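**Student:** In the order they appear, the protein sequences are chains A and B.
As numbered in this note's numbering, residues 1 to 321 make up the first sequence, in order.
As numbered in this note's numbering, residues 1 to 347 make up the second sequence, in order.
No wet-lab data here; the hints were simulated from the structure.
Check before you lean on any hint, since a few could be wrong.
Taking lysine-lysine pairs in the DSBU-like style, the calculated list, with each CA pair at most 35 Å apart, reads [what the hints assert, rightly or not]:
{"no.": "1", "chain 1": "B", "residue 1": "K222", "chain 2": "A", "residue 2": "K248"}
{"no.": "2", "chain 1": "B", "residue 1": "K219", "chain 2": "B", "residue 2": "K125"}
{"no.": "3", "chain 1": "B", "residue 1": "K78", "chain 2": "B", "residue 2": "K26"}
{"no.": "4", "chain 1": "A", "residue 1": "K94", "chain 2": "A", "residue 2": "K78"}
{"no.": "5", "chain 1": "B", "residue 1": "K78", "chain 2": "B", "residue 2": "K125"}
{"no.": "6", "chain 1": "B", "residue 1": "K219", "chain 2": "A", "residue 2": "K248"}
{"no.": "7", "chain 1": "A", "residue 1": "K60", "chain 2": "A", "residue 2": "K94"}
{"no.": "8", "chain 1": "B", "residue 1": "K167", "chain 2": "B", "residue 2": "K125"}
{"no.": "9", "chain 1": "A", "residue 1": "K196", "chain 2": "B", "residue 2": "K26"}
{"no.": "10", "chain 1": "B", "residue 1": "K219", "chain 2": "A", "residue 2": "K196"}
{"no.": "11", "chain 1": "A", "residue 1": "K78", "chain 2": "A", "residue 2": "K248"}
{"no.": "12", "chain 1": "A", "residue 1": "K196", "chain 2": "A", "residue 2": "K248"}
Covered stretches of chain B, as calculated for chain A (at least 3 residues, CB under 8 Å) [to be verified]:
{"no.": "13", "stretch": "115-123"}
{"no.": "14", "stretch": "211-223"}
{"no.": "15", "stretch": "239-253"}
{"no.": "16", "stretch": "267-280"}
{"no.": "17", "stretch": "283-294"}
Pairwise CB distance ranges, derived in the manner of DEER restraints [said to hold, decoys possible]:
{"no.": "18", "chain 1": "B", "residue 1": "P310", "chain 2": "A", "residue 2": "A146", "range": "47 to 53 Å"}
{"no.": "19", "chain 1": "B", "residue 1": "A325", "chain 2": "A", "residue 2": "F205", "range": "48 to 54 Å"}
{"no.": "20", "chain 1": "A", "residue 1": "A122", "chain 2": "B", "residue 2": "P110", "range": "38 to 44 Å"}
{"no.": "21", "chain 1": "B", "residue 1": "E169", "chain 2": "A", "residue 2": "S285", "range": "28 to 34 Å"}
{"no.": "22", "chain 1": "A", "residue 1": "I121", "chain 2": "B", "residue 2": "L62", "range": "46 to 52 Å"}
{"no.": "23", "chain 1": "A", "residue 1": "P17", "chain 2": "B", "residue 2": "G23", "range": "22 to 28 Å"}
{"no.": "24", "chain 1": "A", "residue 1": "R295", "chain 2": "B", "residue 2": "R149", "range": "44 to 50 Å"}
{"no.": "25", "chain 1": "B", "residue 1": "A298", "chain 2": "A", "residue 2": "A297", "range": "58 to 64 Å"}
{"no.": "26", "chain 1": "A", "residue 1": "R265", "chain 2": "B", "residue 2": "A298", "range": "49 to 55 Å"}
{"no.": "27", "chain 1": "B", "residue 1": "R143", "chain 2": "A", "residue 2": "M21", "range": "35 to 41 Å"}
On a predicted model such as this, the values are computed, not experimentally measured, just so you know.
Heads up, the beta-carbon is just placed ideally off N, CA and C, and yes, glycines get one too.
The lines below spell out each chain.
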Amino acid sequence: MSEAPILCVERLSRHFPVRNMFGWRIGAVRALDGVTFEVRPGETLGIVGESGCGKSTLGKTLVGILRPDGGRIVFEEKDITGQSASERGSVAPKLQYCYQDPGNSLDPRWTVRRSLSEPLIAYTALEPRDRNERIREMLQQVGLPATHLDLYPHELSGGQQRRIGLARILTLHPRLVVLDEPTSGLDVSVQAAVLKLLRKLQHVFSLTYLFISHDLSVVRMMCDRVAVMYLGRIVEIASTEALFAAAKHPYTQSLLSAVPAVGGRRVTDTFTLAGEPPDPAQLPSGCRFRTRCPRAAAVCAQTDPALRPIAPGQAAACLFA
Amino acid sequence: MQAPRDSLLEIENLRVSFATEHGVAKVLDGVNLAVRAGEVMGLVGESGCGKTTLANAILGILASNARREAGSIRFAGKDLLAMPPRQVESEVRGRRITFIPQDPFGSFNPLFPIRTQTMEVMKWKSPRRATQERRGIAGLFSRYPHARRRADAAAVLQMLRTVQISKPEEAFGKLPHEFSGGQRQRLMIALALLPQPQLVIADEPTTALDVTIQAQILKLLKRLARERGVSVLFTTHDLAIAYEICDRITVLYAGQEVETAPVDDFFRRPHHPYTVRLLESLPHPGRELREIGGEIPALIDPPAGCRFHPRCFRASEQCRLERPAVTALGGGHHVRCYHPITGASRP
Numbered sequence: 001m002s003e004a005p006i007l008c009v010e011r012l013s014r015h016f017p018v019r020n021m022f023g024w025r026i027g028a029v030r031a032l033d034g035v036t037f038e039v040r041p042g043e044t045l046g047i048v049g050e051s052g053c054g055k056s057t058l059g060k061t062l063v064g065i066l067r068p069d070g071g072r073i074v075f076e077e078k079d080i081t082g083q084s085a086s087e088r089g090s091v092a093p094k095l096q097y098c099y100q101d102p103g104n105s106l107d108p109r110w111t112v113r114r115s116l117s118e119p120l121i122a123y124t125a126l127e128p129r130d131r132n133e134r135i136r137e138m139l140q141q142v143g144l145p146a147t148h149l150d151l152y153p154h155e156l157s158g159g160q161q162r163r164i165g166l167a168r169i170l171t172l173h174p175r176l177v178v179l180d181e182p183t184s185g186l187d188v189s190v191q192a193a194v195l196k197l198l199r200k201l202q203h204v205f206s207l208t209y210l211f212i213s214h215d216l217s218v219v220r221m222m223c224d225r226v227a228v229m230y231l232g233r234i235v236e237i238a239s240t241e242a243l244f245a246a247a248k249h250p251y252t253q254s255l256l257s258a259v260p261a262v263g264g265r266r267v268t269d270t271f272t273l274a275g276e277p278p279d280p281a282q283l284p285s286g287c288r289f290r291t292r293c294p295r296a297a298a299v300c301a302q303t304d305p306a307l308r309p310i311a312p313g314q315a316a317a318c319l320f321a
Numbered sequence: 001m002q003a004p005r006d007s008l009l010e011i012e013n014l015r016v017s018f019a020t021e022h023g024v025a026k027v028l029d030g031v032n033l034a035v036r037a038g039e040v041m042g043l044v045g046e047s048g049c050g051k052t053t054l055a056n057a058i059l060g061i062l063a064s065n066a067r068r069e070a071g072s073i074r075f076a077g078k079d080l081l082a083m084p085p086r087q088v089e090s091e092v093r094g095r096r097i098t099f100i101p102q103d104p105f106g107s108f109n110p111l112f113p114i115r116t117q118t119m120e121v122m123k124w125k126s127p128r129r130a131t132q133e134r135r136g137i138a139g140l141f142s143r144y145p146h147a148r149r150r151a152d153a154a155a156v157l158q159m160l161r162t163v164q165i166s167k168p169e170e171a172f173g174k175l176p177h178e179f180s181g182g183q184r185q186r187l188m189i190a191l192a193l194l195p196q197p198q199l200v201i202a203d204e205p206t207t208a209l210d211v212t213i214q215a216q217i218l219k220l221l222k223r224l225a226r227e228r229g230v231s232v233l234f235t236t237h238d239l240a241i242a243y244e245i246c247d248r249i250t251v252l253y254a255g256q257e258v259e260t261a262p263v264d265d266f267f268r269r270p271h272h273p274y275t276v277r278l279l280e281s282l283p284h285p286g287r288e289l290r291e292i293g294g295e296i297p298a299l300i301d302p303p304a305g306c307r308f309h310p311r312c313f314r315a316s317e318q319c320r321l322e323r324p325a326v327t328a329l330g331g332g333h334h335v336r337c338y339h340p341i342t343g344a345s346r347p
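Same shape as in the complex, but just chain A (with noise of 0.2 Å):
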C-alpha cells in the first residue's frame, strides 16, 4: 500500500470537438473531463461505466494513442504527458494497450514467429537466437507449443489466436497492460479461460492491469480496486470489496442494481433507474448525474461535486454520500 504509484494521472481532460454543417466548432463532447487517480504496482484495477462514459479514450490516451487537452500522465516517476508513442522512447514499450481482440490484430500474411518477433527487432537488440528463446519462452507462458510458431493466423483458432495476441503484447516485458474490454463478445465457458490466462499472466510477469470493462461480474472477479466512470468522470473509486458491499454513489448503487445474477431477486422486479444518459456535448449543469438520480435536490444543480474521500480508500463525487 505504502508503495509509489506505478501511474499517477491527474485532472487529465480530452474533448472531441463538435461541428456544424460549416465545420465551425460550435460545442465539445467532453469524453474525459478531469480524471484523476492513481494505479499501484501489481494491482488491477477495474474501469467501468456504460457505453460513452469515456473509458475507452482513458485508456488510449494513457497509452498516447489519443493526446490530453489537459492534466497530467505520470508513469514510473516520468511525466509522459502529450507525447505520442513513438516519442516516450524507451517508456512506450512499458505501457502496453490490449484491443478487445488481441488475436484481430495479427497480420493474416505473417507468420506467428513474425509476428512476435516484430516488436523485439523494434524495440530491442537482442540477436536472433535470443530473439527466439524469448519468443518460445512466451509461447509456453500463453499455452500454445512452439510448433505453431510456423502457422498463419488463419491455420490457428479464434482462442489460438487470441492467446498469440496476448503473447505479441507480453513479450516486451510491460510493467502496465491495458486492457479493453477483453471478455466482451465471449462466451462464458470462453471467458473463463481468457479471464484465468489473464490472472495467470499477471502472476507470472508480475504485471500491473487497467481493466477496462462494462460487465461488473466479471470486473468483481478480476480487479482489486474499481472506479466508476459517468460522462468523462469518475464518481466512485474503491476496493472491489467496499464497492459492492457498500457502493456511496447513487450512480455505482443504480448500475449495480441493474446486473442481472442468478439466484436470488430478479432485476427486472427491482430495478428503478429511469431514463438515458443525457447528451455528452450538452451535460446539465451541477452534477452531471443529477438528471437521473433518485435523490437529486436543488443544490445539485448548482454544484458540480468533486470526488472526496467518504472512507478509508473509497472516494465519491456526491454531495450526500
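Keeping the supplied structure of chain A fixed, place chain B upon it in accordance with the hints.
**Tutor:** Frame of chain A; chain B shown alone:
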C-alpha cells in the same frame, strides 16, 4: 421433449443442414422444443449452437442453401412447414409470429421517419386488416383504406406510449438516428406487438445495450408479455438474463437440445453435464473460475451420438454411439443424457 397439450408452438425432431463450400453443416440435429401459450421460453446456448437458425426456421426465412431434412414445426395446431409459403407470409410471419432483432441499430431504414416505417408494417400486418383485401400484384396498387389507416395510426401512438417513448406524436416524425439504442429497441418491441401476435421471437434483444438500459428493456418486455398473454421465445447466451425473464428454459448445444426445465428448477437442480459446467463458468464472487475444456465441435463433421461427449466428464461408450432419448424427471424437467447428474452424483 414430450410436449404438453396446450403448446402454442411445438417443434419435433427438426433437422436443418446447410450446404457450404466445405461440406454439409448439420446445424440442427433433431431439436424438440415446445412453447406454451402465454409463457416466456428461454433458448440458451453459446454462439454457433443454432439458436438463430431455429428462430429463422420457425419464421420460415432460412437461407437458400438450407435444407430441412426432417421434423415438423406445429404452430397453433398447423404444421408451418407443410403450409404453402404464401399463406405463411400473409397469415403467420409478421402477423401471428413476430420478431425482435438483436441489433436495433441496423434494423431500421435510416432514410425514412418512424411514421413511414411503422405504418408500412401496419398496412400489411395490422390486426384490422381483412383477409380478403387484395393480394399479390393487385394488392401493391390497392389503397390503404382510410378508416383502417386512421385506426392503425391511433393504435401505433397508443403502443408508443405503452413502450414509454416520450412525446409519441413528435417521435413519429423523427428519423431512426435521432433515437438512442434503448429507445430504438423500445420501438422494435412496439413494432413486434402491434400486429397482436400470439408468439414473439426475441433474438438476444439486449446484447447491444448497456446494463441499466438492458434492465429497463427486460422489465418492459416481461410486463408487456404478461399483460397481453403473448408467448415469447427468448434466445440468449446469457444465463443470468434467462433467469430474469424466462418461465422455462431450454439449453441448446451444437444443434441438439440437452435440457428443458422450469426456471427455478433449472438453476437449482441442473442435470445435464453441459448445463452444470455452463453454470459453473459464470463469474461468481468467492468461487474459482472454471472453463469448459475443449472447443465447440465443427458442424460439418460433428461427433456422433451426444455432441457434447468429447468435452464431457461423464461420457461413456454409449454416448459416442447414440444420442440419448428424452428422460422426464418430473415437474416438467426433461434431460437428454445417459448419465444425468442427480443429487448423489452432484460435485
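**Student:** Is the Cα-Cα distance between K219 (chain B) and K125 (chain B) 35 Å or less?
**Tutor:** holds (26 Å)
**Student:** Counting residues of the stretch 267-280 of chain B whose CB is closer than 8 Å to a CB in chain A, do you get three or more?
**Tutor:** holds (count 4)
**Student:** Would you mind confirming whether the straight-line C-alpha gap from K196 (chain A) to K248 (chain A) stays at or under 35 Å?
**Tutor:** holds (30 Å)
**Student:** Regarding the pair K78 (chain B) and K125 (chain B), is the alpha-carbon distance no greater than 35 Å?
**Tutor:** Holds - the C-alpha atoms of K125 (chain B) and K78 (chain B) are around 20 Å apart, at most 35 Å.
**Student:** Counting residues of the stretch 239-253 of chain B whose CB is closer than 8 Å to a CB in chain A, do you get three or more?
**Tutor:** As far as the stretch 239-253 of chain B goes, the hint holds, because 6 residues have Cβ atoms under 8 Å from chain A.
**Student:** Take a quick look at whether K219 (chain B) and K196 (chain A) sit within 35 Å of each other, Cα to Cα.
**Tutor:** holds (33 Å)
**Student:** Determine whether the Cβ-Cβ distance between A122 (chain A) and P110 (chain B) falls within the hinted range of 38 to 44 Å.
**Tutor:** Between A122 (chain A) and P110 (chain B), where Cβ atoms are some 43 Å apart, the hint holds.
**Student:** I want to verify a distance hint. Is the separation of the beta carbons of A325 (chain B) and F205 (chain A) within 48 to 54 Å?
**Tutor:** With Cβ atoms ~51 Å apart, the hint holds.
**Student:** Given the hinted pair K60 (chain A) and K94 (chain A), is their Cα-Cα distance within 35 Å?
**Tutor:** holds (15 Å)
**Student:** Please work out if K196 (chain A) and K26 (chain B) have their alpha carbons no farther apart than 35 Å.
**Tutor:** holds (32 Å)
**Student:** Hinted pair, alpha-carbon criterion (35 Å max): K219 (chain B), K248 (chain A). Please report holds or violated.
**Tutor:** Given that 35 Å is the threshold and the Cα spacing comes to 25 Å, the pair holds.
**Student:** Could you check the hint for me, namely that P310 (chain B) and A146 (chain A) are 47 to 53 Å apart, CB to CB?
**Tutor:** violated (25 Å)
The structure fails to meet hints 13, 18, 23 and 26 from the earlier list, while all remaining hints are met.
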